[in-house]
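Student: Chain by chain, the residues:
Protein chains: 2
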Amino acid sequence: MARFLRFWLSPSPQRALVIGGSGSLGSSVISVFKNHWETTNLDFIENKEANYNIVVSPADDTEKHLAQANEVLKGKYDMILSTAGGWCQGDIESANVFSQVEMMMRNNVYPSVLAGHLATKYATETGIIVLSGSLLVFKENTPSMLAYGICKTMVHNIALNLSTKQNLTSENRIICLVPDILNTEVNRESMPSADHTKWVSPMKIAEKLYEWGDGKNVPENGSFITFKLDKDVTIEYM
Amino acid sequence: MARFLRFWLSPSPQRALVIGGSGSLGSSVISVFKNHWETTNLDFIENKEANYNIVVSPADDTEKHLAQANEVLKGKYDMILSTAGGWCQGDIESANVFSQVEMMMRNNVYPSVLAGHLATKYATETGIIVLSGSLLVFKENTPSMLAYGICKTMVHNIALNLSTKQNLTSENRIICLVPDILNTEVNRESMPSADHTKWVSPMKIAEKLYEWGDGKNVPENGSFITFKLDKDVTIEYM
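Residue numbers (the numbering used here), protein chains in the order written: chain A, 3 to 240; chain B, 3 to 240.
Since the hints were made in silico from the structure, they are not lab data.
Any given hint might turn out to be false.
Below, computed lysine-lysine pairings styled on DSSO-like, alpha-carbon distance capped at 27 angstroms [unchecked claim]:
(1) Lys230(A) to Lys206(A)
(2) Lys167(B) to Lys167(A)
(3) Lys167(B) to Lys141(A)
One chain only, chain A, in its complex shape (with noise of 0.2 angstroms):
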């Protein structure tokens, strides 16, 4: 109730810029927040939950999805994240590896160095900015999914130099959820006989989110973060 109140009497709500908040992860992040938070979306699809929507053409190359951007972004955003990703499996010897290569650059590798850039601009003194990796990329080598490993691992480093801040604030944060496999039907699907007991839903992780974003046990700057479902959701420091 005293949140409530506290957010009713607030003047203006804290922001939110989601890129690819269409997506299982993002999608979840904007039902989350949108009670108490101003969201934007930046993605191929609108998500009706948003307040407001920046709808990019995948035919497009980052530099108009980011004049897109500029048209619509105003002010300052106390949240930047990008939520965007994709999988794909294959190896160094499948005939359309460079076609996989861009594609996975399409949508993990464009999006992070978007939402960073963006930051530069956008992101309040002590905003937090959040990019998209993989915990099975940060502990393995991936040759079975080489275009995703080498994709996902650009994603650490783009985190790892924003975190260097040098074109942000002593205060920004930069963190990197490492998620592992997320609990959403499309991968209990493709992976049946997997234990799904243990994978952590994306609505579990936006609540995370969403307590760093109300200033509640906000990761450190640099880090790398994943969950760990047991009785409840905790955050594990990489």
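On the provided structure of chain A, position chain B as indicated by the hints.
Tutor: Chain B alone, transformed into the frame defined by chain A:
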């Protein structure tokens, strides 16, 4: 004389395929190898010292480059090297960071993926595959040269993935070069106040690569190798 006779009497010399064989390191490799090896260069411009050239267009994608390579390459190659590379300065805030990432992908990453892909088809059973990374990026975060750093990190990760040898033989070796600044005219001119006396020339690196091709002091599979100049050039495992 003995070596010359051995080569002259040998029905088939050893064979090297150099991706980027017209660049500063690549042309040194072809100069050093050409007297005793058959050399094939794949690059945007011809190298007249090479026995064979596959001249590709920067306007075409890597799948097209691969198709051109498949038309020319025959048999097996004892060394497959990507000596391609490119550098640029610029941080996450740069308006052209997105096009810089694309350029660095084309200059550094796609040639490495192409070399790895071609190795699965054209490397001999004991063939050596060499990729070109960066000592600076291997050791540090490089936010001032973000696109370069994230793309060289990707090259390092490609090397780690290839060195699992999922798509190669147990006797193949993947070696990732992580040179410091090369002693080239361009580099000396662009960094006039630096101490050039410790910079290693591309020819010296090419001579080390030739030793490896000749079976001498070949680094272990999965090695990251740099070069130091004291009196002589020595290799160092990273």
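Student: Of the hints given before, which are not true for this structure?
Tutor: 2
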